Structures are given as structure tokens and as C-alpha cells.
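Engineer: Assemble the whole structure, with the sequences as input and the hints as a guide.
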Amino acid sequence: MRIVFIGSGEIGVPTLRVLLNSEHELVGIVTQPDKPVGRAQQIEPPPIRKAVTATNTALLQPVKIKDPQAIEEIRALKPDVIVVMAYGQILPRDVLEIPKIACLNLHASLLPRWRGAAPVQAVIVAGDRETGITVMYMDEGLDTGDILLQRKSEIQPDDTGGSLHDRLGKIAPDALLESLRMLATGTAPRRPQDNTLATYAPKLKREHGKIDWSEPAQAIERKIRAFNPWPGAFTEINGRHLKIFSASIVDFTGQPGDIMESGKLVIAAGSGALSINEVQLEGKRRMSAAEFLRGHAAIMRTTE
Numbered sequence: 001m002r003i004v005f006i007g008s009g010e011i012g013v014p015t016l017r018v019l020l021n022s023e024h025e026l027v028g029i030v031t032q033p034d035k036p037v038g039r040a041q042q043i044e045p046p047p048i049r050k051a052v053t054a055t056n057t058a059l060l061q062p063v064k065i066k067d068p069q070a071i072e073e074i075r076a077l078k079p080d081v082i083v084v085m086a087y088g089q090i091l092p093r094d095v096l097e098i099p100k101i102a103c104l105n106l107h108a109s110l111l112p113r114w115r116g117a118a119p120v121q122a123v124i125v126a127g128d129r130e131t132g133i134t135v136m137y138m139d140e141g142l143d144t145g146d147i148l149l150q151r152k153s154e155i156q157p158d159d160t161g162g163s164l165h166d167r168l169g170k171i172a173p174d175a176l177l178e179s180l181r182m183l184a185t186g187t188a189p190r191r192p193q194d195n196t197l198a199t200y201a202p203k204l205k206r207e208h209g210k211i212d213w214s215e216p217a218q219a220i221e222r223k224i225r226a227f228n229p230w231p232g233a234f235t236e237i238n239g240r241h242l243k244i245f246s247a248s249i250v251d252f253t254g255q256p257g258d259i260m261e262s263g264k265l266v267i268a269a270g271s272g273a274l275s276i277n278e279v280q281l282e283g284k285r286r287m288s289a290a291e292f293l294r295g296h297a298a299i300m301r302t303t304e
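Note that the sequence shown covers residues 1 to 304 in my numbering.
Because the hints were derived from the structure by calculation, they are not lab data. Do not rely on the hints blindly, as some may be mistaken.
[To be verified] Restricting the straight-line Cα-Cα distance to at most 16 Å, the calculated cross-link-like pairs of lysine to aspartate or glutamate (EDC-like) are:
hint	residue 1	residue 2
1	Lys210	Glu154
2	Lys170	Asp146
3	Lys284	Glu236
4	Lys78	Glu25
[Unchecked claim] Pairwise CB distance ranges, derived in the manner of DEER restraints:
hint	residue 1	residue 2	range
5	Gly263	Arg240	19 to 29 Å
6	Arg285	Gly116	42 to 52 Å
7	Gln255	Leu59	18 to 28 Å
Keep in mind the model is a prediction, meaning the values are calculated, not measured. Idealized CB from N, CA, C, for every residue including glycine.
Structural biologist: Here you go:
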């Protein structure tokens, strides 16, 4: 089948690479424009473009996919199927109606749970035991299309947003290839989502990583893992951000935010406490909590 792949995020790279080496004809790739990144604001291509530097497949980078020129360029590729994964823009009806067979989206959750932009972080924050990849037929709603196929993955106690993201990225290619096989043979199912079970995972911003020490230690520990590496969980020490990469739940009674230092960096939560394992003070390098304490022994309380 003739396939157009639409995506930008790193999670879609394994799927794109499998498509390039599959029996299907990848006739076009649509991704976001190159953008300035980092403190130096250097112009960088999105991960999808970086992954296809050695291919001659048509590459489109429209600022807005709803622009008439972009729509006509995709239509000219005459795809049988459009595959979308982590693109970052909503596809208009004019694009959804282009493929001869279907427009499929690979979503990193078990829909209808965790529709939206940040499902990988949401499942960890919520304490879910499993997640997965959903292949769905796209419609104009936010992840509301009928389900074709799902592949499940158990969430591990030490999973971070980064580790779960990478594992789901590896699951996605086989899920897509099986979906394409069923479409080609006319055996693909179509199961409507139960909207009464829907939950939402909105786009995360850096400020969402700020820790509220009045929450239970269990909830904070999940957020620390979920927000590693993005947007990063942090607290404030003497007016400076202290990013926390990992922590363990311990017994300690104190006012939320109180620090107990006895060779370890322990911070009281609303119930229980966290022993911090690895941190990075604003403007400094990443280090162990023990190393941080040696240089900041006078600090006894976080700043709200």
C-alpha cells in the first residue's frame, strides 16, 4: 500500500524506520518545520526529519497542515493510508479524507483512557498498572476515533516518562504492521470508544513540574518519575530551582517541605516523605543528593 507518514516526535521514529523497510511504499513524510531549541536557540530539525536523511522519500514541513498548499501536496501523493503518530497538530477534515482506505493514528495509551497530548506521563502520575498503543481510525475529535487494534504494556514500578516513552515507541511498529495487514485483507475491526470512560492528558508545560509538598509522598514520587525527563519535577531552594530526577518513599514526620539532612536529603510531604536520590540545582550539573548536601549543608527548608 501507498503510505504517507505524519509525525514529529521521537516516539514515532521506530515506526517510520519500519515503514521504510516494509513491503509498503512510503510515498511521503510530513513533519514539523525546523525550530530553534535550547539556550543557544540553534535551528534543529525534528526527530522525524533527522531519521530520514538518507532517503529520497518526499518530505513536507508545512507550518500549518491545514494550509491549502500543504493539503494539495499531500493529496498529490495519492496515499492508500495515512499514518499519524505524535505530530502536534490537529488534522483537518480535508486531510482525513485524502487516503483511499483509512487515516490511522497511533496513540500512546489504551483509549479511551488518556486522550490528549501527554498520555505517557499521565499513566505514571495516576498510578495505572498498564498502558499501551492504540491504533485508531482518525476523526475530527481529540483521539475519539474508532479503535482498530491495541497492544498492552505493563507499567514497571521504576518506569520514568522516558523509559515508558521508549518502550511504547518499540511496540508501535508491530501494532501498525498488523493493522495494515488487516486493512489489506479486509479483516480490520472497528470498535467505537466508550466516551463515558474517557480521561484526558493535556499538554504539559514546564511549570507543571513544580512539586507541591502538601501532596502524599506516593503521589509526588510518581510525578518525579513521570516528569523525567520532561517537564522535570522541581522544588525551590533559596529561590533557585532544584530539579529532582529520582526519589524513594521513607517514613518521616514533619511539616510539608521540611528538610531533614543526616547524610541523606529527606523532604517531608503531606503524608510520608521522600529521600531524594539525584538532583540538579539551577545553573549546576546533575549530581547525587549526597554530593549536593556536601555543598549546601546550611539549607534546611524548601521555599514555597
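Engineer: Please go over all the hints and tell whether each is borne out by the structure.
Structural biologist: We went through each hint and held it up to the structure:
For the hint pairing Lys210 with Glu154, the CA-to-CA distance comes to about 27 Å; that exceeds 16 Å, so the pair is violated. For a cut-off of 16 Å, the pair hint linking Lys170 to Asp146 is broken: about 23 Å separates their Cα positions. A hinted pair counts as satisfied when its Cα atoms are at most 16 Å apart, and Lys284 with Glu236 qualifies at roughly 14 Å. Distance restraint check for Lys78 and Glu25: the Cα-Cα separation of roughly 11 Å lies within the 16 Å cut-off, and the hinted pair is therefore satisfied.
For Gly263 and Arg240, the hinted distance range of 19 to 29 Å is satisfied, since their beta carbons lie about 23 Å from each other. One distance hint, 42 to 52 Å for the beta-carbon pair Arg285 and Gly116, is violated here, with the actual separation near 34 Å. At about 56 Å, the CB distance of Gln255 to Leu59 disagrees with the hint of 18 to 28 Å.
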